[in-house]
Amino acid sequence: MGPFLIKVRQWAYWMFAAFHLFVIFSFAINPGNWLSVLPERIQDVLISYGYLTGSSSGFSFFAPHVPDEPMVEITVHRKDSQYRFTLGSGNEERLRRVSTMLLQLDQGKGYFEGAVLFGSYVFAHDDTATLVDVRFYRHAVGTLRTRTFLTPTEHTVYVVSFARSSYYVP
Amino acid sequence: MFHNLVKRLLSPVDFRASGDNLHAFVLLRVGLSGILLFKLLYELPDFGDLYGPNGIVPWWANEISAPSYVPTLSWICSVVNSFGRPLDPETVAVTAQGAYAAALVLLLAGHCQRVAAVTVWLLHFVFLSSNRFTLYGVDAFANIGLFFLMLAPSTANRTRTGGLDVSLWPLLLSTLLRIQICVMYAETGWAKAIGPQWWSGDSLWRALQQPQFQAVVGTQWLGSYPTVVKVIGISVIVVEIAYPFVIWIRKVRLIELILILIFHLTIMLTLGLWAFGATAIVLNLSAFGIAALQDLRSILAFRRPSTGFNDVVLSRSIPGIDDEKRGTVTCGKVGCLLTSRAPEGDELR
Chain A
23 MGPFLIKVRQ WAYWMFAAFH LFVIFSFAIN PGNWLSVLPE RIQDVLISYG YLTGSSSGFS
83 FFAPHVPDEP MVEITVHRKD SQYRFTLGSG NEERLRRVST MLLQLDQGKG YFEGAVLFGS
143 YVFAHDDTAT LVDVRFYRHA VGTLRTRTFL TPTEHTVYVV SFARSSYYVP
Chain B
6 MFHNLVKRLL SPVDFRASGD NLHAFVLLRV GLSGILLFKL LYELPDFGDL YGPNGIVPWW
66 ANEISAPSYV PTLSWICSVV NSFGRPLDPE TVAVTAQGAY AAALVLLLAG HCQRVAAVTV
126 WLLHFVFLSS NRFTLYGVDA FANIGLFFLM LAPSTANRTR TGGLDVSLWP LLLSTLLRIQ
186 ICVMYAETGW AKAIGPQWWS GDSLWRALQQ PQFQAVVGTQ WLGSYPTVVK VIGISVIVVE
246 IAYPFVIWIR KVRLIELILI LIFHLTIMLT LGLWAFGATA IVLNLSAFGI AALQDLRSIL
306 AFRRPSTGFN DVVLSRSIPG IDDEKRGTVT CGKVGCLLTS RAPEGDELR
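Just so you know, the sequences run in chain order A and B. Position 150 of the first sequence, counting from 1, maps to 172 under my numbering, and the rest follow consecutively. Position 228 of the second sequence, counting from 1, maps to 233 under my numbering, and the rest follow consecutively.
Any given hint might turn out to be false.
[Unchecked claim] Cβ pair distances, simulated, as ranges: (1) Glu95(B) x Gln129(A): 27 to 33 Å; (2) Thr108(A) x Gly89(B): 39 to 45 Å; (3) Val59(A) x Ala114(B): 45 to 51 Å; (4) Cys117(B) x Thr178(A): 50 to 56 Å; (5) Pro91(B) x Thr108(A): 33 to 39 Å; (6) Val59(A) x Glu68(B): 29 to 35 Å.
Read the hints as simulated data drawn from the structure, not as lab findings. Even glycine gets a Cβ: it sits at the ideal position worked out from N, Cα and C.
Excised from the complex, chain A in its bound form (with noise of 0.2 Å):
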């Protein structure tokens, strides 16, 4: 390779490692007022890059709080039985990741979109289910200074009934 194009691959790498961090730095410190200034094109490239290489991640974990963990629980009735399950038992990763999914409903609201999301889920997987009651409940732990874990307490906060053709709210 001959100097010159050693020369301009040297300085690609340098465009390259320059761009990059401004993709994280312009994410990291204000995503919103950054981007929000430049043209929509150039937004999307942005928001596309850093999606794809993971530099626009935020990364706030269990912060700036802990909040009390949000939990489903589904009662699936059958013509002549019924039974009833936490949503996300079973697996570890399984558990985590549908707890993942249920702190975003329960921080933006959305318990009755989750709630018809977990209904068709039922009526897609269990022919015989006839009607499928959804609760959202919340496991509340205390703070420190009550040191409450011995008790812990369920707070239920938004219950959904779903039949087959329809749904209704009791």
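Chain A is fixed; fit chain B onto it per the hints.
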């Protein structure tokens, strides 16, 4: 004078985090692909529920919120179908999963490294976009690591050096990875510091008591020692915020790295977040592990008499040095400096 002052102030700082960058990428490749492979096997029984067309979040629901330019499993399905014979969405999902597993095995073994890394990154991204509501930290960490692995020079090409290409590119990539990790810790540390819960210890306590986290090590006894919980909570903030500053300083880098590794190990044991903790540990070790190891060697070299190891490194660093000189250099500063430079010289040869 100003130049000298700045030079003196920055003398303990090692912005290059000197180390063998290619070895760092080997560590990242083996560690990350191993974790992702294990995680894939672990998630196998729930694959349909998590990523399938009729999963807990079905494809249609994910499509509503996903940007049109982002490739998802349903996007792949429609592309495949446009070529003629329609394929069952379940088949597409399972095929993608099989290809992902195969590419991970290749990446782990170091065969067809570049192709494997690109395939893993792309398919990981597809799974990530197809299941956007359930993503958590490990997915973002893995995405970052895989992106760098995709760009990293193949470790099989070590002997085929082109001078500049081999030395600059890994160095730039490693530095970018290091900066990205620093930004990540600064961001998460700051996010914790702005709320009152981490300062009072409540956040830590509440996290430990949540039913979703199935701990290997029980933590209920901590309730009897609120001061300990408070101190741990504050130390988490301090370690995370200090990370981007302290990790570049040779003398304290090792301590900071050990603290952050303990932090992630504790997360694995007390919250059961093994994939998240392990990925974070691999990222940290890839970014700063080798440099920290060299710092440790330098520290040890200062404290003990010259050994055969130093002499060997010395002779490799400066091939022309004669036996007489090699014999006279003991464990002084020169010896340590040469020791820390040796792997880079090695890398270029």
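Hints, one by one, checked against the model:
Remark: the range hint 27 to 33 Å for Glu95(B) to Gln129(A) is upheld by a beta-carbon distance near 32 Å. Between Thr108(A) and Gly89(B) the beta carbons are some 44 Å apart, a value that agrees with the proposed interval 39 to 45 Å. In this structure the hint that Val59(A) and Ala114(B) lie 45 to 51 Å apart at CB holds, the actual value being about 47 Å. Hint check: Cys117(B) to Thr178(A), Cβ distance near 54 Å, so the stated range 50 to 56 Å holds.
For Pro91(B) and Thr108(A), the hinted distance range of 33 to 39 Å is satisfied, since their beta carbons lie about 37 Å from each other. Val59(A) and Glu68(B) have their C-beta atoms about 30 Å apart, which keeps the hinted 29 to 35 Å range intact.
Every hint from the earlier list agrees with this structure, and none is contradicted.
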